[in-house]
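Peer 1: Chain by chain, the residues run as shown.
2 protein chains.
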Amino acid sequence: MLTRIDHIGIACFDLDKTVEFYRATYGFEVYHSEINEEQGVREAMLRINGTSDGGASYLQLLEPTREDSAVGKWLAKNGEGVHHIAFGTEDVDGEAADIREKGVRVLYDEPRKGSMGSRITFLHPKDCHGVLTELVTSGTEH
Amino acid sequence: MLTRIDHIGIACFDLDKTVEFYRATYGFEVYHSEINEEQGVREAMLRINGTSDGGASYLQLLEPTREDSAVGKWLAKNGEGVHHIAFGTEDVDGEAADIREKGVRVLYDEPRKGSMGSRITFLHPKDCHGVLTELVTSGTEH
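Protein chains in written order, with the UniProt record's numbering: chain A, 1 to 142; chain B, 1 to 142.
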């Protein structure tokens, strides 16, 4: 079961400037930041609210660390904007298997490492009405 | 203060098919549907989770009712995908005024009618790092 909007992933050219925009305009602060070498991104998580499943919803601001990363290629094509949306679940492995069974392409054979020690996978946007969709099981890191 | 991710607005060509995709794939059900003549959209709200400010987060699926509506033009240019994101606040008028003061273009002089009796306004995506951003104060309709 998917029990929350975990985050909205937003691609940007300059993470520091974008973080500053969200702070100055709305008062949102950085809750966590990290570099994910595998995904080729520097990221900042802004925590917006708690959720009824005991988790939280974030904005995830993403700057590519290399042009040939998925986010780097996407930015070159689309410019800045919403890159993906993510739903939280207690069981990313089970959900991914169920959804694959329904004929939706799951991009990873096994979930990979996401923000704050989470485990994540992605669904093909062409199978999801144009929306790159992530499934997340939270980790315990902050 | 913006206290939650209120919804993610997703533009689609066929609302019924897209609703069915979200139901069959994830088990998300329609919480509310309506036609907003002013915005030129038919929409379905899928409630995903409750939020720590006493509200909720939704997916808002949008099908244009006419080609010359904002969503119709956006779809013709971009195809299906995430159209906007929306933050919830108790005071859309005050937030819009504060944000306008900071130099971000607010698209309406006064908030207009949104889903379920809410009052909404939009911020110019070029002033928000490519993200069309909505501010919402919830109504009491369902």
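Everything labelled a hint here was simulated from the structure, so no lab data went into it. Here the structure is a predicted model, which means the values were calculated and not measured. Careful, some of the hints might be misleading.
Because identical chains cannot be distinguished in the list, a pair is counted as satisfied if it fits within a single copy or across any two copies.
Said to hold, decoys possible - Derived PhoX-like pairs: lysine-lysine, alpha-carbon spacing no greater than 20 angstroms straight-line:
| hint | residue 1 | residue 2 |
| --- | --- | --- |
| 1 | Lys17 | Lys102 |
| 2 | Lys77 | Lys113 |
| 3 | Lys126 | Lys102 |
| 4 | Lys17 | Lys126 |
Peer 1: How would you label the pair Lys126, Lys102 (within, between, both, or neither) given a Cα cut-off of 20 angstroms?
Peer 2: within (14 angstroms within a copy, 38 angstroms between copies)
Peer 1: From the Cα coordinates, with 20 angstroms as the cut-off, is the pair Lys77 and Lys113 best called within, between, both, or neither?
Peer 2: So Lys77 and Lys113 fail the 20 angstroms test inside a copy (26 angstroms) and across (34 angstroms) alike.
Peer 1: For Lys17 and Lys102, with the copy left unspecified, which applies at a CA distance of at most 20 angstroms: within, between, both, or neither?
Peer 2: Classified as between: cross-chain Cα gap 15 angstroms, same-chain 41 angstroms, threshold 20 angstroms.
Peer 1: Since the copies are identical, ignore which copy is meant and state whether Lys17 and Lys126 lie within 20 angstroms (CA to CA) inside a copy, between copies, both or neither.
Peer 2: between (31 angstroms within a copy, 14 angstroms between copies)
Hint 2 from the earlier list is the only one contradicted by this structure; the remaining hints agree with it.
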